[in-house]
Amino acid sequence: MFDNRNSLQKSVIIGLLVSIGLILHVVEGMLPMNAVVPGAKLGLANISNLLGLFLFGFQAGLQILILRIVLGSLLAGTFMTINFYFSLSGGLLGFLAMAVVYYCLSSCFSIIGVSVVGSVFHNLGQVLIAYFIIVSGGIFYYLPFLLLLAVPTGLGVGLVSYFTLNYLPEEGVYA
Amino acid sequence: MKKIFDIMTFYDKIFIIAVIAISILILLYPIIFNRYTDNGEEYIVIRSGSEVVERIPIEETYDEKMEIEVNGPIGTSHIEAYEGKVRLYEAPPDDPLKTCEKTGWIDKPGPSIICIPNKVSINIEKLDGDLDGVSW
Numbered sequence: 001m002f003d004n005r006n007s008l009q010k011s012v013i014i015g016l017l018v019s020i021g022l023i024l025h026v027v028e029g030m031l032p033m034n035a036v037v038p039g040a041k042l043g044l045a046n047i048s049n050l051l052g053l054f055l056f057g058f059q060a061g062l063q064i065l066i067l068r069i070v071l072g073s074l075l076a077g078t079f080m081t082i083n084f085y086f087s088l089s090g091g092l093l094g095f096l097a098m099a100v101v102y103y104c105l106s107s108c109f110s111i112i113g114v115s116v117v118g119s120v121f122h123n124l125g126q127v128l129i130a131y132f133i134i135v136s137g138g139i140f141y142y143l144p145f146l147l148l149l150a151v152p153t154g155l156g157v158g159l160v161s162y163f164t165l166n167y168l169p170e171e172g173v174y175a
Numbered sequence: 176m177k178k179i180f181d182i183m184t185f186y187d188k189i190f191i192i193a194v195i196a197i198s199i200l201i202l203l204y205p206i207i208f209n210r211y212t213d214n215g216e217e218y219i220v221i222r223s224g225s226e227v228v229e230r231i232p233i234e235e236t237y238d239e240k241m242e243i244e245v246n247g248p249i250g251t252s253h254i255e256a257y258e259g260k261v262r263l264y265e266a267p268p269d270d271p272l273k274t275c276e277k278t279g280w281i282d283k284p285g286p287s288i289i290c291i292p293n294k295v296s297i298n299i300e301k302l303d304g305d306l307d308g309v310s311w
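Which chain is which? The protein sequence lines are A and B, in order.
Those letters in the first sequence? Residues 1 to 175, by the working numbering.
Those letters in the second sequence? Residues 176 to 311, by the working numbering.
Don't read these hints as lab results, they were simulated from the structure.
Don't take each hint at face value.
[What the hints assert, rightly or not] Every beta carbon over 12 Å from chain A, so not counted as near; a handful from chain B, in silico: (1) 193; (2) 197; (3) 224; (4) 226; (5) 227; (6) 240; (7) 241; (8) 246; (9) 247; (10) 250; (11) 269; (12) 270; (13) 276; (14) 278; (15) 289; (16) 292.
[To be verified] Examples of chain B residues lying across from chain A (beta carbon under 10 Å, computed): (17) 179; (18) 182; (19) 187; (20) 195; (21) 198; (22) 201; (23) 202; (24) 218; (25) 272; (26) 291; (27) 294.
[To be verified] Here are some, though not all, of the chain B residues that point toward chain A, as calculated from beta-carbon distances under 8 Å: (28) 184; (29) 186; (30) 190; (31) 191; (32) 206; (33) 228.
Quick reminder that beta carbons are idealized off the backbone N, C-alpha and C, glycines included.
When you get a sec, could you build the whole thing from the sequences and use the hints?
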């Protein structure tokens with residue numbers, strides 16, 4: 001009985017995180033960040049995976065990430081296009097890096113550091129997949145700009161996640 | 176602002192500083208070495224009439240001077256390429272205006288050296304530019 005209740009709560013919270021991530025994903029797509037550097041984004045949707053990773057662990061975070069990317073690209077009408085592969089590659093590499101840092105180096109890095117690592121690797125993944133799509137070394141010209149932008153956006157996402165985690169109850173809800 | 180620094184650990188700051196330093200280094204790399212390292216591959220293309228006579232990767236001209244002779248209807252045009260630049264330094268004596276000699280060096284895609292009497296044209300082409308395919 002108690003187990004059922006816990007897993008139900010877990011599913012509900014994961015669903016909520018997916019929907020929060022979706023809304024952030026869609027809202028973020030409307031922000032004209034292309035004026036700064038083409039392809040630059042705030043990475044707000046990363047808040048939901050980061051929370052999922054910290055609350056429930058690797059599996060739930062990966063679930064949230066993949067559901068969010070697939071549903072978000074369906075909403076934006078970019079499913080199975082280049083944008084979708086950019087999101088997926090960047091998201092997966094960023095999430096894997098975050099998980100490695102969170103599990104192996106959690107004594108060294110705070111949530112802000114994990115978030116910055118995630119956003120840096122997100123950009124690396126996107127630039128790598130862009131390199132494979134248009135086989136041109138010129139794409140790496142963008143890398144330093146994207147990396148420089150990844151630091152403040154990662155800091156912002158990390159701070160938001162930190163304060164959100166502080167407001168959530170510590171024990172009992174998360175199995 | 177003080178609170179951010181309280182939350183961040185020592186390694187967070189190290190990581191952030193390392194990322195900033197690496198990206199600034201990558202940014203400065205082409206400026207320091209003064210080469211088009213981040214562009215696509217550039218080729219010097221020399222045409223006689225409409226057919227391509229020579230197609231030289233521009234990297235080959237950085238270290239040593241290359242001299243190419245192209246024969247056309249009124250004589251031989253002497254072309255040299257060095258340090259990523261190319262010029263036609265001696266037009267045939269029969270060339271009335273020698274415009275191609277006066278064009279001087281070209282070092283990037285866009286301008287071209289054209290010698291109409293001898294039907295020689297030289298320009299620099301990029302196989303894939305750094306901006307042409309980028310839009311998302």
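How the hints compare with the structure:
1. The Cβ of residue 193 of chain B does not lie farther than 12 Å from every Cβ of chain A; its closest approach is about 10 Å, which violates its non-interface assignment.
2. Look at residue 197 of chain B: its CB is around 7 Å from the nearest CB on chain A, not clear of 12 Å, so calling it non-interface is violated.
3. Its beta-carbon lying about 31 Å from the closest one in chain A, residue 224 of chain B satisfies the requirement of being farther than 12 Å from that chain.
4. With a least beta-carbon separation of about 27 Å from chain A, residue 226 of chain B lies farther than 12 Å from that chain, consistent with its non-interface assignment.
5. Non-interface call for residue 227 of chain B relative to chain A: holds, since the shortest CB-CB distance, roughly 22 Å, exceeds 12 Å.
6. Look at residue 240 of chain B: its CB is around 26 Å from the nearest CB on chain A, clear of 12 Å, so calling it non-interface holds up.
7. Its beta-carbon lying about 23 Å from the closest one in chain A, residue 241 of chain B satisfies the requirement of being farther than 12 Å from that chain.
8. Chain A leaves residue 246 of chain B outside its interface by the beta-carbon criterion, the shortest separation being 35 Å against a cut-off of 12 Å.
9. With a cut of 12 Å on Cβ distances, residue 247 of chain B stays outside the contact zone with chain A, its closest approach being about 34 Å.
10. Interface exclusion of residue 250 of chain B from chain A stands, the closest Cβ pair being 39 Å apart, more than 12 Å.
11. Remark: the non-interface label on residue 269 of chain B is consistent with the geometry, its nearest Cβ contact in chain A lying 42 Å away (cut-off 12 Å).
12. Against chain A, the non-interface label of residue 270 of chain B holds: every CB pair exceeds 12 Å, the least being about 38 Å.
13. With a least beta-carbon separation of about 33 Å from chain A, residue 276 of chain B lies farther than 12 Å from that chain, consistent with its non-interface assignment.
14. Interface exclusion of residue 278 of chain B from chain A stands, the closest Cβ pair being 27 Å apart, more than 12 Å.
15. Every C-beta of chain A lies more than 12 Å from that of residue 289 of chain B, the closest at about 27 Å, which supports listing it as non-interface.
16. Taking the minimum C-beta to C-beta distance to chain A, about 37 Å, the non-interface status of residue 292 of chain B holds against the 12 Å cut.
17. Hint status for residue 179 of chain B: holds, given a least beta-carbon distance of 7 Å to chain A, under 10 Å.
18. Hint on residue 182 of chain B holds. Least Cβ distance to chain A is approximately 6 Å, under the 10 Å limit.
19. Interface hint at residue 187 of chain B: satisfied, since its Cβ lies 3 Å from the closest Cβ of chain A, which is below the 10 Å cut-off.
20. Among the interface hints, the one on residue 195 of chain B holds; its C-beta lies about 6 Å from the nearest C-beta in chain A, closer than the 10 Å criterion.
21. Because the closest C-beta pair between residue 198 of chain B and chain A is about 4 Å apart, less than 10 Å, the hint holds.
22. Annotation: residue 201 of chain B was flagged as interfacial toward chain A, and the flag holds, the nearest CB pair being 4 Å apart, inside 10 Å.
23. Hint status for residue 202 of chain B relative to chain A: holds, with the closest Cβ pair at about 4 Å, below 10 Å.
24. Below 10 Å, beta-carbon pairs count as interface contacts, and residue 218 of chain B has none with chain A, the closest being about 15 Å; its hint is therefore violated.
25. The interface hint given for residue 272 of chain B is broken, as the beta carbon of that residue sits about 37 Å from the closest beta carbon of chain A, more than 10 Å.
26. Given the 10 Å rule on beta carbons, the hint for residue 291 of chain B is violated: about 33 Å separates it from the nearest Cβ of chain A.
27. Here the hint on residue 294 of chain B is broken, as its CB sits about 33 Å from the closest CB of chain A, past 10 Å.
28. A least Cβ separation of about 5 Å between residue 184 of chain B and chain A falls short of the 8 Å threshold, and the interface hint therefore holds.
29. The closest approach between the C-beta of residue 186 of chain B and any C-beta of chain A is roughly 4 Å, which is under the 8 Å cut-off, so the hint is satisfied.
30. Because the beta carbon of residue 190 of chain B sits about 6 Å from the nearest beta carbon in chain A, less than 8 Å, this interface hint is met.
31. A hinted interface residue such as residue 191 of chain B counts as satisfied when its beta carbon comes closer than 8 Å to some beta carbon of chain A; here the least separation is about 6 Å, so the hint holds.
32. Using the Cβ-Cβ criterion of 8 Å, the hint placing residue 206 of chain B at the interface with chain A is not satisfied: the shortest such distance is roughly 12 Å.
33. Among the interface hints, the one on residue 228 of chain B is violated; its C-beta lies about 27 Å from the nearest C-beta in chain A, farther than the 8 Å criterion.
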